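Colleague: These are the residues of each chain, in order.
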Amino acid sequence: MVRIKRIQEDKIDVIVINGEIDASSSIELDLTIAKSVGEGFKKILVDCTSLEYISSAGLGVFMSYIEEFKDSGIGMVLFGMKDKVENTFSILGLAELLHISIDKQEAKKLVDELSV
Amino acid sequence: MAHFLQWFSILKTKAITRLAFLAAIVAWLVLIFSDVAILLSDINRLQPDIPKWLPRIMLDIYVVGLYYYYKFKIDRDETLNFTDLLWKVFASGLITTVFSLSIRFLMFLLGSTKLTSNVLFSDIVYQLNVALLINFLIATYTSWKRLIQYQKSKWLLRAWALFETILLFLLLYESFGGIFNSNVSVAAILAVGLLIVILSANMKWVAYLNFKQKLTSLLLLALTLFYLGYFFYTVSTQSELIGSRSFAFLNFGKFIFNWSLTGFVMVYSVFSFLVILFNLPTSSVFEQKLEEVVNFQRISQSTQTEQNEESVYKILLESSVNSVFADAAWLEIKDSKDNERIFTSRMTEEEAHDIRDHLTRNNIKGVLDQSPDKTKNLSKHLSTLKGARFHSLVSFPIVVKDQTIGMLALLKELPEGFNKEMTRIVSTFTNQAGISIENFRLMEEAFQHERYKEELKIAKKVQKSLLPEKLEKDADFDMVAFSQSADEVGGDYYDTIRINDHLVALIVADVSGKGTTAAFHMSQMKGIFHSLAQQNLDPKEFMIRANQALVFCLERGSFISATYFVLNTQTKTIRYARAGHCPVLYYHSNGNFSEYIKDKGTALGMVRGKEYCNFIESYELPYEHGDIMVLYTDGITEAKNNKGEEYGYERLQQTLDEVASKSPKEIQEHVIQQLYEYSGSDQINDDYTTMIVRFN
Numbered sequence: 129m130v131r132i133k134r135i136q137e138d139k140i141d142v143i144v145i146n147g148e149i150d151a152s153s154s155i156e157l158d159l160t161i162a163k164s165v166g167e168g169f170k171k172i173l174v175d176c177t178s179l180e181y182i183s184s185a186g187l188g189v190f191m192s193y194i195e196e197f198k199d200s201g202i203g204m205v206l207f208g209m210k211d212k213v214e215n216t217f218s219i220l221g222l223a224e225l226l227h228i229s230i231d232k233q234e235a236k237k238l239v240d241e242l243s244v
Numbered sequence: 027m028a029h030f031l032q033w034f035s036i037l038k039t040k041a042i043t044r045l046a047f048l049a050a051i052v053a054w055l056v057l058i059f060s061d062v063a064i065l066l067s068d069i070n071r072l073q074p075d076i077p078k079w080l081p082r083i084m085l086d087i088y089v090v091g092l093y094y095y096y097k098f099k100i101d102r103d104e105t106l107n108f109t110d111l112l113w114k115v116f117a118s119g120l121i122t123t124v125f126s127l128s129i130r131f132l133m134f135l136l137g138s139t140k141l142t143s144n145v146l147f148s149d150i151v152y153q154l155n156v157a158l159l160i161n162f163l164i165a166t167y168t169s170w171k172r173l174i175q176y177q178k179s180k181w182l183l184r185a186w187a188l189f190e191t192i193l194l195f196l197l198l199y200e201s202f203g204g205i206f207n208s209n210v211s212v213a214a215i216l217a218v219g220l221l222i223v224i225l226s227a228n229m230k231w232v233a234y235l236n237f238k239q240k241l242t243s244l245l246l247l248a249l250t251l252f253y254l255g256y257f258f259y260t261v262s263t264q265s266e267l268i269g270s271r272s273f274a275f276l277n278f279g280k281f282i283f284n285w286s287l288t289g290f291v292m293v294y295s296v297f298s299f300l301v302i303l304f305n306l307p308t309s310s311v312f313e314q315k316l317e318e319v320v321n322f323q324r325i326s327q328s329t330q331t332e333q334n335e336e337s338v339y340k341i342l343l344e345s346s347v348n349s350v351f352a353d354a355a356w357l358e359i360k361d362s363k364d365n366e367r368i369f370t371s372r373m374t375e376e377e378a379h380d381i382r383d384h385l386t387r388n389n390i391k392g393v394l395d396q397s398p399d400k401t402k403n404l405s406k407h408l409s410t411l412k413g414a415r416f417h418s419l420v421s422f423p424i425v426v427k428d429q430t431i432g433m434l435a436l437l438k439e440l441p442e443g444f445n446k447e448m449t450r451i452v453s454t455f456t457n458q459a460g461i462s463i464e465n466f467r468l469m470e471e472a473f474q475h476e477r478y479k480e481e482l483k484i485a486k487k488v489q490k491s492l493l494p495e496k497l498e499k500d501a502d503f504d505m506v507a508f509s510q511s512a513d514e515v516g517g518d519y520y521d522t523i524r525i526n527d528h529l530v531a532l533i534v535a536d537v538s539g540k541g542t543t544a545a546f547h548m549s550q551m552k553g554i555f556h557s558l559a560q561q562n563l564d565p566k567e568f569m570i571r572a573n574q575a576l577v578f579c580l581e582r583g584s585f586i587s588a589t590y591f592v593l594n595t596q597t598k599t600i601r602y603a604r605a606g607h608c609p610v611l612y613y614h615s616n617g618n619f620s621e622y623i624k625d626k627g628t629a630l631g632m633v634r635g636k637e638y639c640n641f642i643e644s645y646e647l648p649y650e651h652g653d654i655m656v657l658y659t660d661g662i663t664e665a666k667n668n669k670g671e672e673y674g675y676e677r678l679q680q681t682l683d684e685v686a687s688k689s690p691k692e693i694q695e696h697v698i699q700q701l702y703e704y705s706g707s708d709q710i711n712d713d714y715t716t717m718i719v720r721f722n
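Protein chains in written order, with the numbering used here: chain A, 129 to 244; chain B, 27 to 722.
Quick caveat, the hints were computed from the structure, so don't treat them as lab data. Just so we're clear, the structure is a prediction, and the values are computed from it rather than from any experiment. A couple of the hints might just be wrong.
What the hints assert, rightly or not - The list that follows gives simulated cross-link-like pairs (lysine to any residue, SDA-like), each with its CA atoms no further than 25 Å apart:
{"no.": "1", "chain 1": "B", "residue 1": "K446", "chain 2": "B", "residue 2": "S310"}
{"no.": "2", "chain 1": "B", "residue 1": "K486", "chain 2": "A", "residue 2": "S152"}
{"no.": "3", "chain 1": "A", "residue 1": "K212", "chain 2": "A", "residue 2": "I194"}
{"no.": "4", "chain 1": "B", "residue 1": "K486", "chain 2": "A", "residue 2": "D150"}
Okay, chain B solo, but in the shape it has when bound:
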């Protein structure tokens, strides 16, 4: 539908353009015939059958038709640029001039025959020239309108509307035979003149032309002025000639409208010509400014469009050299991997190194100085370098995140070749380049971060798979476990294994630190547990061997706290060793009380020699029906509420006492619920694990 409408509107525009042109041609044909008829009647002293106003009305239609024709042809055509507009004016001028000249040539060939001296023939030639002139004027008028309105303002549009209204009024008023008295016509001419001058002051488009375009424009304008002069001459001589012979002659020279239109076109052409002419010497400055803007944009957009940092370096180098007309430049920079790199423009790397070495030899700070906080003019130091072709040097630091990562050096063969303006421009370039490079690095970091996150996800999967899916079952006890990790990967571990028909081994452990390394150590702990527990070792011996194995895997400052239990359902005893892990919370059903069992025992990995056996001990404890053993990690006791107070041992003990008669599953749910309530969320900033055993 939209497509159709667009197509329709194009068709409509085309139709209107053609219709307007057709109307203009028909009007002109009617004009010429009626005019000739009137003139003929006048010469023969007859009363004409055709009303005298007809040719004038036809002229109005001709003018309005052409106005609309050019409005659609030139004014609405968005693709035209300034020089295109001038070309259009020039081309229409050329066509009309050639046409007019060929008529002249034809008359010249005919010589001074009867025909050429005939008033009617002269009139036709005159009317033809006038039609051509008006055509040319209106084409130019439309083009000038576009140039004037290049940068629109409310006042400009109002002034223009006023100008057009006055022109239209003049056109209609005069063609209906209205004649001004001299005062009014002077006032009208003054008003129009003033408006023309005001409108002609709008020359902003000139600034956007480059040097070459300005030259072209001057030529085109000169030719336009020439055409205008030629037509003016032709039409005025002809009108004098015919006017002297017939009073009925329609002399367009009498109309203020025509003068206004011609005046406008002429004045704007002359203004444009002069403004462009005087702008010629400074046009290089404007061009340079424009190029700076474009370069600046290139640097700032490089993050979106370019592939890598290297392209930013190259754009910076190139843009800086072009903007300040440097003869050569080099850029040295530390890339994201801290490699020093050097890029040169219009010089060899050796030359750059020579200058650098010379500066370092003379102990001159500034070139790759660690803190050149501002640009430096180092030209004076170059004079001491023999055989150097450069005599000016300025350097600019490139700063990323408050760190100078590189330096841009610009060189000129002339002494004192850089002015303040130039250094200011280049420092904006280097600043922008710094931002672009920073963006690149941030983006790279973000990608890296994303990759790490992906890796952590995998590690978490691995870690989850390390925890047992099912716990050992026995008629003598029920057991449940729960574990949650705060980071993507946790370091809490619990497991069970059946040693024989009456022995079951349990372990709960906490690896120091968090993240991937914690998970690795946890997997080592699992390996140790599964291999050692099978051997039916005494808990103390288990810990000693586990410590020995871990000493080789744990890095400096890492340790594992663990408690290892062996439940003997035959003797109804628990034998255990506590290696620095949180003390077991034990509930005695006989006596209805709970306590923390604190025994000697140092965490695994803390004592790295054989003497570890002095720091660990086995203990034994009989169990009775209804006794409960709560194993946990410090994530539970160290969970904090919003005041920063820890959950602590006492609260855990109280919580157990409240539900001591219930099943392990219910106890576990109660403990976790209490913990969440205390901390105010289920996002506790640590790993936490519980394992609850209830003896039957």
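If we strip away everything but chain A, and leave its shape as in the complex, we get:
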């Protein structure tokens, strides 16, 4: 089960994930990101503080946006990951493709740099 919230903080869209992302809930994550992009946000933060687990399907969602964001100048930064979750990202080599910060402050700084 997962609960995904969106909070807007001055032109930054913060997506807060609460729970586990498996094959079925990854669809919800995908829709949320697509919505944020559709609404024209250039700065997207993903709050992973309460993300307990992410399956390969969930990782696939993040992966699928990498090129699109690069092309359209959208910055997406994930922050606050638990060690175990971060391990999943790094084993797959996804940590090198995505932007991952330790906390929100750092993430905001990074996202400002990314979206020009």
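Guided by the hints, dock chain B onto chain A, whose structure is given.
Modeller: Chain B only, in chain A's frame:
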């Protein structure tokens, strides 16, 4: 045996019926002869040789014989319906009346000769008429009994038993010469009268007759009453005539039994006649109700009996129109494939479209509105449509799984043609139709599901065949592998191939996602492995080319994690590249420790351009005797126990350390056993694969 018994019982019933009838006839013949003999003796002032009670006893036998005859003939015959019963009564009345009339006619032909004025002759004629009357009365009595007992209750059966007992008692008591004093006879008559009235109130069968049957019944009852009147007249005039001449004459008119029987038959006939007569105006309502019930049943049973949804639509349309006497109707519905369809009854599709268009033009919600949660009376909107022949319109939504899939519209030419009762009936119809349609769709889904399952089985077979039956063998190492998939089809893949005499290639891979698509990607991976490994590529180059090939096959969001090894038995080294796959667990025999080898490497399909070469690297590692390499997929480390905790890397490492000195086969068994113990079952909700290599 059962068949024989049934046959035997039929035979028995037939025998009893015939025996009863025969007994009645014999009894009557004895009666008439003895009666004539007694009368003859009386006229000649002689003491009769025959006891005076004999004719009466014979009459009892005659009555009882006929009672049983009709009991088997009418009461036990299940095939008779209400009008059949009335026909039987009518027919027996007709036969007896015709018989009696022909005697009259014969007497008329004879004129006033000596014979006709003879007392004995009159007596015979009288007795004949009485016998016919009793026959008719008992036939009617039995029929009325069936009608009264159509809906049985405990009280009704008791009252009836009491009635019959009293009748039997009267019959026997009176024929044995018992004479009541006037008080007792008044009491008996009152008791019987009361019982007759109570029993005659049981008229439930009348409600089940339709209009035509009611008319027939009225006619038959009227004729029955006529016969009764005729016999009553004939018998009473004759008995007066004979009674004035002889005292020994057996006058049946004196018996309370006869009066009771006649009274019962008469009262019930009159009651039935009146009840049917007064029910005539409302019979159409009853008929309609009955038809509603039948229609309702048709709709609800359509799932079992009919072939498809379309028949449900048609039954709904037809039943609704018939039940509320609508002049026309149409049904529009989205079928299971989301096609809009329209069915009409007593109107053309154009007419239906005209009305629909008119309503939409005037922006009136309700007809195929997305959420008409209740029925709507749209009649007032019709008045604005020029040249319309209809002046009443009600619409009903058809709901399946909380979604309105269609609408039923009923039309009448009269204004305000639908009352509340009618809309209530039709909405029960539409509700039931919704349930039936839902059942059809569920059934269809179930079939579809069954087909998918069958397809998955095939896919599983294919997937199983993709995994190698045998692994490469070499003097330098022993190798075992194990793979299990959670769903019908998994996405784990491992394989080996010999490149040359000293090089062996190994791969372990995990396709993201599960099911059939995962299996397809796995087969692509196999193809890539077999074609690229042959070319003796460096692991990094292998991955770059594999990535390039897969970019065209993998859909958005899909990727494959893999580790590719080349074992060189000449240089005793392992060269490998890890593309996002779980880190290898490596046990060093020299130093007796194990570790996870974490290197850089991104999964295949994640970076779709040429720059993938920056995300993958080759590494080299020397191996020694006794070293163990454990390759696995994340199904193992992510297996959960009942608390939801993962098996994890540390437990796997510990498990390996425990059995590091054993053979690969034993290590594998130990790892799997530990995993099952941890998760508490052998049903792990993921694919999991291990491949264990031990160097010699």
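Colleague: Would you mind marking each hint as holding or not holding in the structure?
Modeller: These are the hints, each one checked on the structure:
1. Only pairs whose Cα atoms come within 25 Å are accepted, and K446 (chain B) paired with S310 (chain B) is accepted, the gap being roughly 18 Å.
2. Proximity of K486 (chain B) to S152 (chain A) is assessed by CA-CA distance (about 22 Å); at most 25 Å being required, the pair is judged to hold.
3. For a cut-off of 25 Å, the pair hint linking K212 (chain A) to I194 (chain A) stands: about 22 Å separates their Cα positions.
4. Between K486 (chain B) and D150 (chain A) the CA atoms are separated by roughly 22 Å; this keeps the pair inside 25 Å, and the hint holds.
Hint violations for this structure: none, all hints satisfied.
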